[in-house]
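*Asks:* So the chains spell out like this:
There are 2 protein chains.
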Amino acid sequence: MSLLEALRDSKQKRLDELFTFLRFPSVSAQSKHAADIRKCADWLRGRLSGMGLKCQIMETAGHPVVYAEKIVDLNKPTVLIYGHYDVQPPEPFELWRSGPFSPTLENGSIVARGSTDDKGQIYAHIAAVETHLTTTGTLPLNVKLMIEGEEEISSANLPGFIEKHRDLLKADIVVVSDGSQYAPGQPSVTHGLRGLVFIEIKVTGPNRDVHSGSFGGIINNPLNALCKIVAGLKDADNRVTVEGFYNDVLPTTDFEKRMWAKLPTDDRKFAGELGVPELVGESGFSTLERIWRRPTLDLNGITGGYQGEGAKTIIPSWATCKITMRLVPNQYPKKIMKAASAKIEALSPKGVTVEVFEHDGVPAVETPTDGPWLEAAGRALKTGFGVDPVFMKEGGSIPVVQVFKEKLGLDTLLIGFGQKDDGAHSPNERFRCEDFENGCRTATALLSELGAVKR
Amino acid sequence: MSLLEALRDSKQKRLDELFTFLRFPSVSAQSKHAADIRKCADWLRGRLSGMGLKCQIMETAGHPVVYAEKIVDLNKPTVLIYGHYDVQPPEPFELWRSGPFSPTLENGSIVARGSTDDKGQIYAHIAAVETHLTTTGTLPLNVKLMIEGEEEISSANLPGFIEKHRDLLKADIVVVSDGSQYAPGQPSVTHGLRGLVFIEIKVTGPNRDVHSGSFGGIINNPLNALCKIVAGLKDADNRVTVEGFYNDVLPTTDFEKRMWAKLPTDDRKFAGELGVPELVGESGFSTLERIWRRPTLDLNGITGGYQGEGAKTIIPSWATCKITMRLVPNQYPKKIMKAASAKIEALSPKGVTVEVFEHDGVPAVETPTDGPWLEAAGRALKTGFGVDPVFMKEGGSIPVVQVFKEKLGLDTLLIGFGQKDDGAHSPNERFRCEDFENGCRTATALLSELGAVKR
Chain A
1 MSLLEALRDS
11 KQKRLDELFT
21 FLRFPSVSAQ
31 SKHAADIRKC
41 ADWLRGRLSG
51 MGLKCQIMET
61 AGHPVVYAEK
71 IVDLNKPTVL
81 IYGHYDVQPP
91 EPFELWRSGP
101 FSPTLENGSI
111 VARGSTDDKG
121 QIYAHIAAVE
131 THLTTTGTLP
141 LNVKLMIEGE
151 EEISSANLPG
161 FIEKHRDLLK
171 ADIVVVSDGS
181 QYAPGQPSVT
191 HGLRGLVFIE
201 IKVTGPNRDV
211 HSGSFGGIIN
221 NPLNALCKIV
231 AGLKDADNRV
241 TVEGFYNDVL
251 PTTDFEKRMW
261 AKLPTDDRKF
271 AGELGVPELV
281 GESGFSTLER
291 IWRRPTLDLN
301 GITGGYQGEG
311 AKTIIPSWAT
321 CKITMRLVPN
331 QYPKKIMKAA
341 SAKIEALSPK
351 GVTVEVFEHD
361 GVPAVETPTD
371 GPWLEAAGRA
381 LKTGFGVDPV
391 FMKEGGSIPV
401 VQVFKEKLGL
411 DTLLIGFGQK
421 DDGAHSPNER
431 FRCEDFENGC
441 RTATALLSEL
451 GAVKR
Chain B
1 MSLLEALRDS
11 KQKRLDELFT
21 FLRFPSVSAQ
31 SKHAADIRKC
41 ADWLRGRLSG
51 MGLKCQIMET
61 AGHPVVYAEK
71 IVDLNKPTVL
81 IYGHYDVQPP
91 EPFELWRSGP
101 FSPTLENGSI
111 VARGSTDDKG
121 QIYAHIAAVE
131 THLTTTGTLP
141 LNVKLMIEGE
151 EEISSANLPG
161 FIEKHRDLLK
171 ADIVVVSDGS
181 QYAPGQPSVT
191 HGLRGLVFIE
201 IKVTGPNRDV
211 HSGSFGGIIN
221 NPLNALCKIV
231 AGLKDADNRV
241 TVEGFYNDVL
251 PTTDFEKRMW
261 AKLPTDDRKF
271 AGELGVPELV
281 GESGFSTLER
291 IWRRPTLDLN
301 GITGGYQGEG
311 AKTIIPSWAT
321 CKITMRLVPN
331 QYPKKIMKAA
341 SAKIEALSPK
351 GVTVEVFEHD
361 GVPAVETPTD
371 GPWLEAAGRA
381 LKTGFGVDPV
391 FMKEGGSIPV
401 VQVFKEKLGL
411 DTLLIGFGQK
421 DDGAHSPNER
431 FRCEDFENGC
441 RTATALLSEL
451 GAVKR
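Those sequence lines, one after another, are chains A and B.
Counted from 1, the first sequence has number 208 at position 208 by this note's numbering; the numbering is strictly sequential.
Counted from 1, the second sequence has number 74 at position 74 by this note's numbering; the numbering is strictly sequential.
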């Protein structure tokens with residue numbers, strides 16, 4: 001039986017198992033789900049051990065890493081496959097058609113939190129390894145799987161983990177499937193990711209919520225103050241006003257210009273799919289440049305004062321917001337973080353106390369656009385999807401890719417099996433069954449292709 | 001025996017009865033206390049009937065009104081005394097030194113939910129009526145008492161009630177004791193209240209929360225957009241930018257200037273009590289003018305996106321905020337509401353949808369600063385507190401005062417017996433025993449003084 005035939009036969013079993021995987025509410029950001037995270041890791045370990053891999057749950061200061069390997073021949077190449085078993089918070093619950101952790105099939109898609117990000121995609125690689133093992137009794141190369149539990153909370157403990165286990169993680173190439181294709185039916189290799197800086201602002205006014213009649217007019221309202229600060233972070237051309245924000249930004253390269261010219265874009269259709277009146281961005285740049293080549297600043301959440309029904313006539317004691325900035329190559333997270341804090345301080349009005357909490361930052365990364373590993377990936381994607389892949393970048397961040405380069409000296413093949421409109425991080429997140437099948441086929445072919453690369 | 005001697009003799013009895021009144025957890029906002037509200041109203045009816053007043057519990061669509069009257073002589077004036085027997089929710093319980101509904105004496109104060117707001121104050125008027133009846137067998141004028149059960153939930157049913165019972169409520173003057181003196185030992189007559197306009201803004205962006213990496217840079221973020229709009233509603237001098245906002249505002253009158261010059265203010269001490277670094281307000285106006293004479297615009301609440309712990313890297317689908325504007329005499333709620341909506345529309349950036357929800361508005365009210373009723377109140381306050389009252393205004397709104405004017409054509413005497421730091425709406429709410437006694441004396445003298453007014 002061929003590998004592809006074996007995959008066809010295991011279709012229902014693979015789907016059932018992915019559903020089991022998706023039922024764990026492994027929300028890394030919420031401490032109430034710590035036990036669920038652990039249960040999910042245990043399940044993965046059982047699954048990978050059962051396939052014949054040497055597998056262990058490895059502790060970190062936070063949620064554990066599930067690590068598995070099968071060394072078949074030290075003369076053969078070694079691939080390190082990375083993924084994550086943690087998921088984004090599911091809120092707001094009321095917008096889910098079914099429960100976020102009750103996976104369902106809907107119009108040819110698997111709908112559940114984590115379906116595309118990243119349980120469905122890492123599961124395609126697990127299925128690929130199993131398909132080789134059950135069909136041929138062995139693997140075409142040495143395989144190491146590192147599946148972490150903190151990707152959605154910035155992988156704070158992973159760099160230390162990788163540093164500590166450099167020998168264990170030795171490999172020739174890393175594979176990550178935690179993103180999207182360019183479009184349905186158009187597989188792609190992603191050759192770069194934006195970086196990320198996450199900060200929070202807290203504005204404090206009176207020591208308690210006070211009556212907006214008795215005190216309105218004589219104290220600065222922390223909510224109004226926070227809005228003033230946030231509004232001051234961008235100008236009328238949608239450029240970020242943080243001092244030096246664009247200083248280190250490099251122009252679009254010739255290779256990028258050439259590759260991206262091949263990619264169809266339709267702003268009007270894109271706006272329609274998002275349900276916005278029109279696309280809006282930094283003046284002077286194309287849509288692809290705005291997502292892939294330009295840094296951004298966005299609020300992710302804001303809160304303060306009375307949130308319930310009707311009126312409560314108060315000046316609230318405090319207000320907070322969460323801000324992420326996306327970075328591009330050659331920008332430095334710490335530098336941007338410091339500049340942003342300084343700008344926020346400069347924008348802070350009197351009569352309130354403003355605190356900036358500087359959280360994590362990761363730089364943007366660039367990955368190879370040629371070489372034998374990349375060619376192997378190209379052939380595997382063609383086998384899996386039936387079409388040659390295109391080159392694209394990704395506006396999101398996968399912090400670990402930079403760590404692989406720095407700590408292990410390894411390049412990463414970024415081959416996402418999802419779609420941009422899968423709703424990663426949104427209610428009713430989905431993973432198209434077709435993409436899951438093509439992803440499993442690609443991952444299976446990829447092991448063969450990588451195993452044949454001459455080092 | 002004189003009235004004041006009778007009051008001295010009844011001191012313990014009055015205190016015991018107020019404690020009984022305070023033990024009813026008559027929390028109008030919480031449906032679990034509906035039966036307690038009813039029991040409290042029943043107790044009041046028994047109390048007022050027992051004194052010899054014609055008293056009934058009158059139904060509304062919500063909690064009932066307790067109405068009592070004694071008509072002694074149709075040639076004499078009639079006073080309508082307004083108060084409320086409902087109280088604010090007591091939460092957070094853990095901050096109360098004793099239970100909120102277990103009144104105690106502490107450092108010369110009565111500590112309990114409702115002690116100053118408004119049971120202690122309305123009870124002073126009840127005690128005054130009883131003192132006259134037990135001492136002289138009659139009253140110096142006709143008295144009508146309207147004690148409602150929904151003040152803490154915006155008195156939604158009261159305007160309809162007053163409209164419906166216009167004949168029953170006919171009077172010459174209204175008396176309301178539901179506020180504060182200017183300072184301890186400094187009684188005051190409040191001669192005006194600010195009005196109020198309440199609106200909400202909703203900004204909608206993408207049709208779902210989307211990934212801030214994949215979409216950051218090409219769509220307008222509803223949170224950033226809302227902050228931009230809100231920031232645009234005030235300028236650097238803390239002036240509201242709504243077109244024509246100040247057009248109808250009248251300058252501080254000579255009477256006010258003269259009266260307020262007598263009132264000590266200490267901005268630094270005030271800021272310290274509120275826990276803010278400094279007071280901040282509209283350029284060119286004093287603290288008292290900013291609260292009593294100038295209109296304001298304040299956010300009461302804002303929400304949008306991820307509110308939980310840690311990061312969630314999304315561009316949220318929507319954001320909302322609640323805004324109240326405090327109005328001063330000669331400003332018209334509908335006109336201000338319209339102008340604010342127009343300004344918000346003008347400030348709305350492209351790429352998002354902005355909706356303004358225009359809710360309630362009440363105009364500012366002014367009450368007499370001279371005339372026989374006011375002079376009567378001044379003499380009563382002097383009898384009660386031993387000091388001549390000062391004139392002040394109040395930055396908050398008591399909507400029913402406007403209703404009395406509109407529906408019954410009546411002016412209101414606003415004479416608060418409490419203190420600004422009594423903690424109305426806060427844990428350990430208190431009413432100073434001294435203020436209770438002086439309040440009972442004032443209320444008793446007020447009936448005599450008002451009864452002597454020549455209409």
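Check before you lean on any hint, since a few could be wrong.
Just so you know, same-sequence chains aren't split out, so a pair can sit in one copy or run between any two.
What the hints assert, rightly or not - As a list, the in silico DSSO-like pairs of lysine-lysine whose alpha-carbon atoms are at most 30 Å apart:
#1 LYS202 / LYS312
#2 LYS76 / LYS334
#3 LYS350 / LYS202
#4 LYS202 / LYS343
#5 LYS269 / LYS32
#6 LYS420 / LYS454
#7 LYS202 / LYS420
#8 LYS11 / LYS257
#9 LYS39 / LYS269
#10 LYS334 / LYS54
#11 LYS312 / LYS76
#12 LYS54 / LYS170
#13 LYS262 / LYS334
#14 LYS420 / LYS312
#15 LYS70 / LYS343
It is worth saying that the hints were derived from the structure and are not from the lab.
*Asks:* Hint by hint, which ones does this structure get wrong, listed from lowest number up?
*Replies:* 2, 5, 6, 8, 9, 10, 11, 13, 15
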